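Novice: Top line first, the protein sequences correspond to chains A and B.
If you're matching positions, the first sequence starts at 1 in our numbering and goes up one per residue.
If you're matching positions, the second sequence starts at 1 in our numbering and goes up one per residue.
Note that these hints are calculated values from the structure, not bench results.
In this text the structure is predicted, and so the values were computed from the model without any measurement.
One thing to keep in mind: the hints can contain errors.
Put simply, identical chains are the same to the list, so a pair is met inside one copy or across any two.
[To be verified] Simulated pairs of lysine-lysine, DSS-like, Cα-Cα distance not exceeding 27 Å:
| # | residue 1 | residue 2 |
| --- | --- | --- |
| 1 | 333 | 102 |
| 2 | 66 | 82 |
| 3 | 65 | 82 |
| 4 | 82 | 223 |
| 5 | 82 | 43 |
| 6 | 427 | 351 |
| 7 | 102 | 325 |
| 8 | 215 | 43 |
| 9 | 102 | 66 |
| 10 | 370 | 180 |
| 11 | 223 | 291 |
| 12 | 325 | 82 |
Number of protein chains: 2
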Amino acid sequence: MELKGSSNLSTLASSNDHGENSLYFEGWKAYDNDPFHPSRNPKGVIQMGLAENQLSFELIEDWIKKNPQASICTPEGVQAFKDIANFQDYHGLPQFRNAVAKFMGRVRGGRASFDPERIVMAGGATGASELLMFCLADRGDGFLVPSPCYPAFDRDLRWRTGVQLLHVECKSGNNFQLTKQSLEDAYENARKANIKVKGLIIANPSNPLGTTMDKATFKMLVKFINDKKIHLVCDEIYSATVFRGPRLVSVSEIIEEIECDRDLIHIVYSLSKDMGLPGFRVGIVYSYNDKVVSCARKMSSFGLISSQTQYFLASMLSDEEFVGKYLSESAMKLANQHDLFTRGLEEVGIKCLESNAGLYVWMDLRPLLKEATFEGEMDLWRVIIGDVKLNVSPGSSFHCHEPGWFRVCFANMDINTMRIALGRIRKFVVQESDQVLQVKKQKRTSKRSHGLTLSFSSQMYDETCSSPRMLSPHTPLPQSPLLRART
Amino acid sequence: MELKGSSNLSTLASSNDHGENSLYFEGWKAYDNDPFHPSRNPKGVIQMGLAENQLSFELIEDWIKKNPQASICTPEGVQAFKDIANFQDYHGLPQFRNAVAKFMGRVRGGRASFDPERIVMAGGATGASELLMFCLADRGDGFLVPSPCYPAFDRDLRWRTGVQLLHVECKSGNNFQLTKQSLEDAYENARKANIKVKGLIIANPSNPLGTTMDKATFKMLVKFINDKKIHLVCDEIYSATVFRGPRLVSVSEIIEEIECDRDLIHIVYSLSKDMGLPGFRVGIVYSYNDKVVSCARKMSSFGLISSQTQYFLASMLSDEEFVGKYLSESAMKLANQHDLFTRGLEEVGIKCLESNAGLYVWMDLRPLLKEATFEGEMDLWRVIIGDVKLNVSPGSSFHCHEPGWFRVCFANMDINTMRIALGRIRKFVVQESDQVLQVKKQKRTSKRSHGLTLSFSSQMYDETCSSPRMLSPHTPLPQSPLLRART
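Next up, chain A with everything else stripped away, as it sits in the complex (with noise of 0.2 Å):
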């Protein structure tokens, strides 16, 4: 549809190229227009695209009720309120600094640490990676994102800046590692196609795979951005979420160890996933290069964290005892959700990338596929969405070269809600596979079907059992679609 007011804006403005016409946002399209309420709307659509953290936030609830005083709204930390409102210097509060730079060791497990002074804030992970792209890279030039990826980097790193995202394709085979030959003949088509290329951005932990990256392969990626002299840009907004080994290696521990020029390196951070704050729009770059802590203090008036989120933060991963607890609290309470995910996806033959950390599965529903291709993959999708009702997001929106990979989200409800999802999931499979398997006969291409297993009772994941509401009476209504700023 042609809005009103199209003459005369930019071209940006002009064209549709802003990376939200992805399925991946249309899932939640279909999700705000019959959200899933286990009373109101118990055959509604279940949020399953959404890496929300909500596990754990009854230990900051509690935090909050002990610590009145780190609120600039409370009687007790009101005669704070003035200094704060006021306080517009882009560099940050110093104890707001100082305690994201001691929190993002303490995640790293204290194998790193963090100077205080290269902590640059910036609006969400969304805008600190706009924001690195804007130093390092010039319109036209290119970046090196191995796929799958995180589908908003569309948005986020290529729609102003108009710097090129260069795929490098990872594998089923190999579980979707990265390999020194898919980086090279990346590298190598983008000189042929007379693309400059920039640098490389991975994510670790990896959405969508949930993996982390072995030190084996970190450590011959950034031998291969140092021979390159291309930047390295680590989204590492997923660090608090590895709920089991192995552990987390962040490119700070790797440079430790290798040599290499570190005005290449570069990190966003973000509370958003490892404290479950999306609202908050807590973005950090942490770069190891001067002048590029530099620009990007300077582009970060444009996205500056609220001081009054700084001050209440600052107080709150001070508090070192809090942390420790909440780190460890929070990846117990994953890992049991997430097996409980896994286990019941497993009961009905679905099987996962096997994965140790983030707020969601890569799911392999290869075998469900009509046809092994994306138009058979989102098939699919528009069946999960709308018979199944479950907002889950087809691999192809993630850049996917693989169909038949769904990313589905675990962390953002209650147990009750994740049973019904599996319940329906249940039905859907047996229904489905009967069906497959028939098309697969008709067309005597059997050759594919995994045989799926049904062997849990039904009664375990029936939606009609009693369950608390999910929702709590303030939960925002929700809103029309493309909403969230990153997941």
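Given chain A's structure and the hints, the job is docking chain B onto it.
Specialist: Structure of chain B alone, referenced to chain A:
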């Protein structure tokens, strides 16, 4: 000084084109290196370069004490914490948009109303201004800017967008009012230089003039942009600082009175000045153009307002009784402070442009220039910063075309600090006017000496008078230069 790591960065990061190498920002550096404090550093630099509204915080603090449920970080409000901390819908909290729309109408005396659906969030006015440029103009396009204008427009509007700012010269002869002829001239010059003019941006109330635009000029201007089919961006971030008549006329009223293409009309708003909350980073884009609203909302992902802050402000701005009281008391306090300061200046013969708004005055120091050039202005400024120890901002940094004007902020200090500042000015004027007169006599060019009168009691502004501490113990330590996001 060349920073480490300069190679292989973007053109933006490699150049010094960020617009912060202006005397405007330089002055802050001087303040930060030696900040005045009545007891700890009574000889330090007094900050008069910062357009902060610090006069009415007591009202907000009282409101906070009475409304603990307005914060998600109080025992009374914490039950909303989870949902608000998770809220990342880029439309913003509905109650926040409603409250801001209503507040904008209230600030404009109820003579215009605003549609919450058109309220788009951005990272302060800084983020809002840049965001609009990204929507309206391409790299290389031109935007007309009447000058003197806000110094950081160079950063906000131009730096990352690549838009060219085309200054429209306003002159002291008619109190710096914008004329049709100057607009036509600037437009014609751009045409000759093959620059595509995409719009005009005005600040109303003006920064640095502290004046509001009269209706006749405003109508001329809207007719001008409508005839040329170019955009009009109205920066109305000082709307509520109008402390006496003539009242503010917003563009939202003008377009009710004359015919124009509303798709060309856009407003930048903020709570940094009107509520004195720059740390909260509340920037608003309000556009009458559907397509711009849609595009701006997508771009707002790069600088959303913390949901913690949205929630708090939604509560406070929804309290109509509080808003009414705040607006009237704040205007009264600004009027008093303005009058105290300008009367003090008058007593030593210093005149300011007559003004009815803003947190500053536009001070005419032409009589004190040793020569009527920008070098002369800079010499005078260095003395004021270095010897008089006042951080005021020279006209050249506002792209003023006539030397000798300075912007001086008066609302970021208490009365005692202001008295000290006036005392320093008095001493300086006595000494300087003697010197200027001598220089001018020597040069036999005494025709421009304005005969400064020095009639007030020297006791009145004695620096040694006791005063309460200006900074509370919670004042964040001053940071290194170029710090504030917007002023």
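Novice: Give a verdict on every hint.
Specialist: Hint-by-hint comparison with the structure:
1. 333 to 102: Within one copy, since 23 Å is at most 27 Å while 43 Å is not.
2. 66 to 82: both (23 Å within a copy, 17 Å between copies)
3. 65 to 82: The answer is both: 23 Å in one copy and 14 Å across copies each meet 27 Å.
4. 82 to 223: neither (49 Å within a copy, 42 Å between copies)
5. 82 to 43: For residue 82 and residue 43, only the inter-copy Cα distance (24 Å) is at most 27 Å; the intra-copy one is 48 Å.
6. 427 to 351: within (16 Å within a copy, 82 Å between copies)
7. 102 to 325: Within one copy, since 15 Å is at most 27 Å while 43 Å is not.
8. 215 to 43: Answer is neither; intra-copy 45 Å and inter-copy 57 Å both fail.
9. 102 to 66: within (22 Å within a copy, 35 Å between copies)
10. 370 to 180: Answer is neither; intra-copy 34 Å and inter-copy 68 Å both fail.
11. 223 to 291: Classified as within; 22 Å inside a copy, 46 Å across copies.
12. 325 to 82: between (32 Å within a copy, 18 Å between copies)
Checked against the numbered hints given earlier, this structure breaks hints 4, 8, 10; the rest are met.
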